[in-house]
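Participant: Just so you know, the protein sequences line up as chains C and V, in that order. Just so we're aligned, residue 3 is where the first sequence starts under my numbering, counting upward by one. Just so we're aligned, residue 1083 is where the second sequence starts under my numbering, counting upward by one.
Do not take every clue at face value.
[Unchecked claim] Straight-line distance between alpha carbons at most 27 Å, and here's what the computed DSSO-like set of lysine-lysine pairs gives: (1) V:LYS1755 <-> V:LYS1688; (2) V:LYS1755 <-> C:LYS132; (3) C:LYS142 <-> V:LYS1403; (4) V:LYS1847 <-> V:LYS1755; (5) C:LYS233 <-> C:LYS203; (6) V:LYS1258 <-> C:LYS132; (7) V:LYS1730 <-> V:LYS1558; (8) V:LYS2067 <-> V:LYS2252; (9) C:LYS131 <-> C:LYS142; (10) C:LYS114 <-> V:LYS1403; (11) V:LYS1093 <-> V:LYS1558; (12) V:LYS1258 <-> C:LYS142; (13) V:LYS2252 <-> V:LYS2263; (14) V:LYS1715 <-> V:LYS1738; (15) V:LYS1258 <-> C:LYS131; (16) V:LYS1901 <-> V:LYS1702; (17) C:LYS131 <-> V:LYS1403; (18) V:LYS2080 <-> V:LYS2207; (19) V:LYS2252 <-> C:LYS91; (20) C:LYS91 <-> V:LYS1403; (21) C:LYS91 <-> V:LYS1715; (22) C:LYS91 <-> V:LYS1558; (23) V:LYS1558 <-> C:LYS70.
Keep in mind the hints are simulated off the structure, nothing from the lab.
Residue-level listing of the chains:
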Amino acid sequence: MELVINNLNKTYSNGVHAIRDVSLTIPQGMFGLLGPNGAGKSSLMRTIATLQEADTGTITLGEINVLKQKDDVRRILGYLPQEFGVYPKVSAQAMLDHVARLKGVGNSSERKALVSALLERVNLYPVRKKNLGTFSGGMKQRFGIAQALIGNPKLIIVDEPTAGLDPLERNRFHNLLSEIGENTIVILSTHIVEDVTNLCKDMAIICEGSVITQGHPAELVKAAEGKIWEKSIDKTNLESYQQNYQVISTRLIEGQTNIHIYSEIDPDNGFAPVKPDLEDVYFTQIFHNTSPVSA
Amino acid sequence: MLKDIFLFELKYRIKRPATWAYFGILFIFGWLIAANGGNDGGSEKAFANSAYEVTSFIMIISIFSTVIASAVMGVPVYRDIEHGVKNYYFTYPLNERSYLLGRYLGSFVILMLISTGIVFGMIVGYAMGPGMGWEEAERFGPLRLGDYWHATTHFLWPNLLFTGTIFFCLVALTRKILVAYVGSVLFFIGYLVAITLAADLENKEMAALIDPFGYTAWDELTRYWTPTEQNELRQPLTGNYLINRILWPALSILLLIFTVIKFKFSNFIAGSARGRKKKEEETIDTHNIYGDRTPIPAVQQHFGTSFALGNLFSQAWIEFKSVVRDPYFIGIILGGVLFLFLDGWFGNTTYGTPSLPMTYYMIEAKNGNYIIFVMIILVFYTGEVVHRDRTVGFNQIADALPVPNWSIYLGKFFTMALIAFLLASMIWIVGVFSQTIQGYFNYEFGKYFTDLYILTFPMYLTLTILAFFVHVLVNKKFLGHVIAIAIYVLMFSIPNFADVDFNMFIYANRPGYLISDMNGFGHFIPAVTWFNVYWLALGGMMIVVGSQLWSRGTDTAWRTRIQQFNDRWSIRPALVLLGFLAIFLWTGFTIYHNVTVKNDYVSIDKSRRQQANYEKDLSKHGRVYQPKIYDVKYEVDLYPEERSTRAKAIYQITNKSPQPIDSLHLNFSFSPKRGTLTVFEIGGIEPAIIYNDSIYQYQIRSLNPPLMPGDSTSMIMEIDYGYEGFPNEGFQRDLLYNGTFLSSDLFPSFGYNYQAELTSDLQRKKHGLEIKEYIAPPHTDSLGLRNLLFGDDADFVSFEAIISTAPDQIAIAPGQLQKVWEENGRKYYHYKNNGLIQNFFNISSARYAVEEKDWKGSRGENVKIQIFHHADHAYNLDRYFASVEASLDYFTNNFSPFQFEQMRILEFPRYASFAQSFPNTVPYSESFGWVADFSDPDDTDYSFYVTSHEVAHQWWGHQIAPSATRGANQISETMAQYSAMMVLKERYGEAVMPKFLKYELDSYLRGRANESKFEKTLLDNDTQSYVWYRKGSNIMYTLQDYLTEDTLNLAFQRFLDDYALKNQPPYATSYDWYGYIQEVTPDSLQYFLEESFERITMYENRAIEVTSKQNSKGQYEVTMQVEVKKVTYDGDGLVIDEPQEASLIEIGVFGPDGTNEYGMTAKTPLYLKKMWLTPGVHELKCTVDEAPQRAGIDPYNKLIDRISDDNITSVDAL
């Protein structure tokens, strides 16, 4: 089963063109959707998650027309929105049980086993009886992950899932996701390049509503080989470098200003070639589509 | 800094659409009501935009604006919590005080600005009013900007300051926005408590202070204003009113100061220390980077219809539970319950005397303040339920779950339906509770459940659907609340101000009904049910449309929703919609057919037009001589189970006029749809119809040969009469399953009927008729003197009747019962009156229980007193008996002999609440004394009083029959009031009178404040009941106090000697009556007769200061400063002059109140003296033996005094 998006467009009533002619084919496995804040990732995710209409274009999931057969999509969907609230006076266990019921798990003992397993997996079992209102940000996030996994989802959409998680929890979550991602479509929206590097075998970069590149992370990195150069400079000269080179990122290393530039030929002038990583690919793409970014 | 925050708030708010939405709603509302000429009901002489009306309208809006105040003032601080701004905003270098005050002031300025929407709306509305033509142009007075300024500064802004400040502070202190909603409800409670308390006259002072909106205090000072005063006066701030206007805003400012002191950013961010649990701590196994490897089990999923249905119900139940567990919901519903209870407890008083807690009173408590709570709960909690997921932010997850729209949508609707069911159920729960604690154990669950679940619940459901539909459509919580409430208000006010009364066209409206113990639910259930189904069908359509517009997902723009609507729309919703449409049309057609085809629906406008045309076309017949009936025989077959009758009248008629009568004019009281005249014969032949109009219900028949002066003949009529279907409105109470009460109107009356003319000056002008100051002709009019006031078709007549009815009912008509028999399974009653009576009868029939007593008079008279009552209503029979006996005693001893052998009192269902005196028969409404609770001796025994009043009519009305001239009805009503007061005083002593007189005075002053023409005097009043009852009572009581009872009774004996049972013209006029009174009045008191009977005179007496000092002998020397003022007015309420001569006025000094032998509170006079006092301030001295407590001038309120409460004051001991 594949998720196929064709020429999708959406303009909000306030005039923001959030999705511009997006076409993507997303196979089974983990798919990373990378893009800066406000790039339209969430709009795209919500559209796939049946929460939003598109103006034009199609989305199909196997045989299902996602934009029309919403209920059919919802039956196989697991969705973790970027921001969500909880019913403060309900326990995690009761809420998951309720969601399971709404996801069609009618058998109560099955539901019970499922909820227990999920609580174990997201490490909330010890606090399962506590009201959600008392949860910390990380715990709430893990609750969100658990609810998205209910009901054998074939399509899992997770929007910025690791925000607010500590490194350990993030690791655990990655493991969980990759385990599930083996026979499921998992769309992971993030602006953290590392997440994609670690997890995804396919990815797309989205910027200002458009898909600016897509492919396998390794291939994308390979394509950039020999085109990324670095140099440590005095920060007062940054502006002149930005005028003369395609500076894709600037970062501080031990107090020194280190810049990466994109150049298909050797720029000389003290620049050293650097083995590109996905981040360089990302910044290059963003650079070509917007103004410079600092990281 | 404060200034910056203030300006930021202002700018932010000015740009918000909500600000303008509220302004716009107020503007449109003000405009609509103003252009419609405001609420009808008051005097026509007062302008629609009189100073009084502008003030009271703005004030009422200021109360309802509580909702807007909560919306505007609740959010400024909450906004920072809601949007999560608080976490950094408060780290800026601002101080708490500037932040809070800046936000407060900015919001309040915006609130003031919004509130002016109503003012501008009114100004524009009143300006356009004359041109719109919705209300007569002359009802609109000139624009007086000062009135608006006055109302805005005295009520609108102070009240908003009060409510707004409280909401602001509550949210700032509690950080909970819901507090703002509940706050608005609490204010309604406070307001309603004050209004409820104010209903009981003695609590006025307290009520004036505790009403936070100042209405009660203001009303206290302005309610007696005459139309002229209403047009011009603006009440200055004095007394309780001043205190009230300072007290509540000041309290709110105190709260603000407290809040400013208490408010700390740190608390605000963290939440209150108390009640806020710490976040969960957890321990994590840092070594296990894979976490728990528990496999996630595979599960079976089912998504059929049963899954969706199951979800629907489980969701409805979960949401229902969460609503009823909500502390604010509990708070609001407890408020509602409190009012159900209070309205059930206090709501049914007559003359301040409560009723027993009958089940129907318990049920009717729902129509009081409770309905406001019902609407608040329905609107607010529909908003909560509709927006629940969005409020907590769970919507993105929930909306992506595989639950079909209809299952979620209907689940939410079912939640609210359950709430509506709960609200209906509270009524019987509270009712049974209230009955139990009052020691009344006759629980009638059949009545409760029939009313609440069959008749009321569907209406609550109809209201629920509207709120639900609005919330679904608007999809913004606060705006949804405001719009839903605005629609409710319009729904309930349109019928009042727009003269629209066609129930089918006003959402959730249906014909009124009443539950009666005698007649149960009567014939009302089908009518109400048809309407209920009709509205529910419309509601069903709204639910279907709403389901297609149900917003799911994150994109809530209208463009998207319409797109979704198009996607969702399919054959299934279309079929359901069509189904509801079919029911709607079918019930609509049925209702329309019943209301307009089987019954006569005439719009208010059209009926006025018909009245006007009736007068234009037919008044030329007004002075045509008609025959007089002198013998009446009825044969009436009643079919209560069918609500029909076949009635035959056999009259003997004669020509008492000087001219031959060649045509007979017949006025029917019913339309051709209700009844038909099947037989009409005069002297054995049917006279030809020469004119017939079914709208005027007027026929002219030619008499051929004419009836010559002095000639007599017979007249026979048969009428088939009965009811079919149901009307738009009206009880159709004359024929009932149990409790029929037919009057002689069933048969046509003779000649043009002046009573059917339009009376309102405005309406007459509008329809091109001249203003008529009086309906009756002057006391010198020759035709008026020839006719009797109670009916000009006859002088006195002999009367006989044979009435048949259902076998389990008793039929009653005036006269002695001759015979009772059964025939063809029906019961027959034959009545015949000995002697002559007026042509004024009633026929009653019901399943009666009968109670009898014999009264023997001092001259050996024997009268059988009978009470025909509903079997369960035997509570106060002894009071009726006692009253009839005491009345017969008093009247035969002081006036003249009684003319009948029997005196009957009979109960009729409570569809009307009056008692009426027919010859030897007094029908008495079920709600008027039969179930009154007289256990408190201080409560006026109005069963006793009213019975006595009706018995007195056997003299005043039935012995002396007033002529058909203006003023003559005083002979009937004022004299009946006087006579009953004397009986009441004799029975209970003088202690009972002050409370009674104060009620009468209050009613009189209110009556004249609402006068639409001009106030008439006791001598020429032909229509004003507040003059002949209320003013009459006060004047007559004082008169007997001045003259002595015996002297005055002597005058009335003489009057009776000359006029009792007089069967030939000229009949008695008010001047005849007045003459006998003048005869017994000494010259010194003639001034009182003139000012009371011939003019309109008011005293404004008051006690300024009273001090007392104990002297060496242990006595108390009392010094009183009192002011005397007397003003005479013309009928419009304009001052004519202030007479300067001395008047006889009572002065009194009182000890602490005692109790008399009946347990009543009674004043204890230490000193009581009538003195001749001129207008101005007097210092009076007297000495009393005991410590004085209160003292003053006219302490018993015998004189007509515009402010009766300031006559006595407490005594300061020196």
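Participant: Take a quick look at whether LYS1755 (chain V) and LYS132 (chain C) sit within 27 Å of each other, Cα to Cα.
Facilitator: 72 Å, violated
Participant: Next pair to validate is LYS1258 (chain V) with LYS131 (chain C); report whether the Cα-Cα distance is within 27 Å.
Facilitator: Status holds; Cα separation ~25 Å.
Participant: Hinted pair, alpha-carbon criterion (27 Å max): LYS1730 (chain V), LYS1558 (chain V). Please report holds or violated.
Facilitator: 67 Å, violated
Participant: Does the structure keep LYS91 (chain C) and LYS1715 (chain V) at a Cα separation of 27 Å or less?
Facilitator: 79 Å, violated
Participant: Going straight from one Cα to the other, do LYS1715 (chain V) and LYS1738 (chain V) come out at no more than 27 Å?
Facilitator: Holds, at about 20 Å.
Participant: Does LYS142 (chain C) pair with LYS1403 (chain V) here, judged by a C-alpha cut-off of 27 Å?
Facilitator: The hint holds at about 24 Å.
Participant: Does LYS2252 (chain V) pair with LYS2263 (chain V) here, judged by a C-alpha cut-off of 27 Å?
Facilitator: 13 Å, holds
Participant: Tell me if the straight-line CA distance from LYS131 (chain C) to LYS1403 (chain V) falls inside 27 Å.
Facilitator: 19 Å, holds
Participant: Regarding the pair LYS1258 (chain V) and LYS142 (chain C), is the alpha-carbon distance no greater than 27 Å?
Facilitator: 22 Å, holds
Participant: Tell me if the straight-line CA distance from LYS2252 (chain V) to LYS91 (chain C) falls inside 27 Å.
Facilitator: Violated, at roughly 75 Å.
Participant: Are the Cα positions of LYS2080 (chain V) and LYS2207 (chain V) separated by 27 Å at most?
Facilitator: Holds: LYS2080 (chain V) and LYS2207 (chain V) sit about 19 Å apart, inside 27 Å.
Participant: Do the alpha carbons of LYS91 (chain C) and LYS1403 (chain V) lie within 27 Å of each other, as the hint requires?
Facilitator: The given pair, whose Cα atoms are some 12 Å apart, holds under the 27 Å limit.
Taken one by one, the earlier hints fail for this structure at numbers 2, 4, 5, 7, 16, 19 and 21, listed in ascending order.
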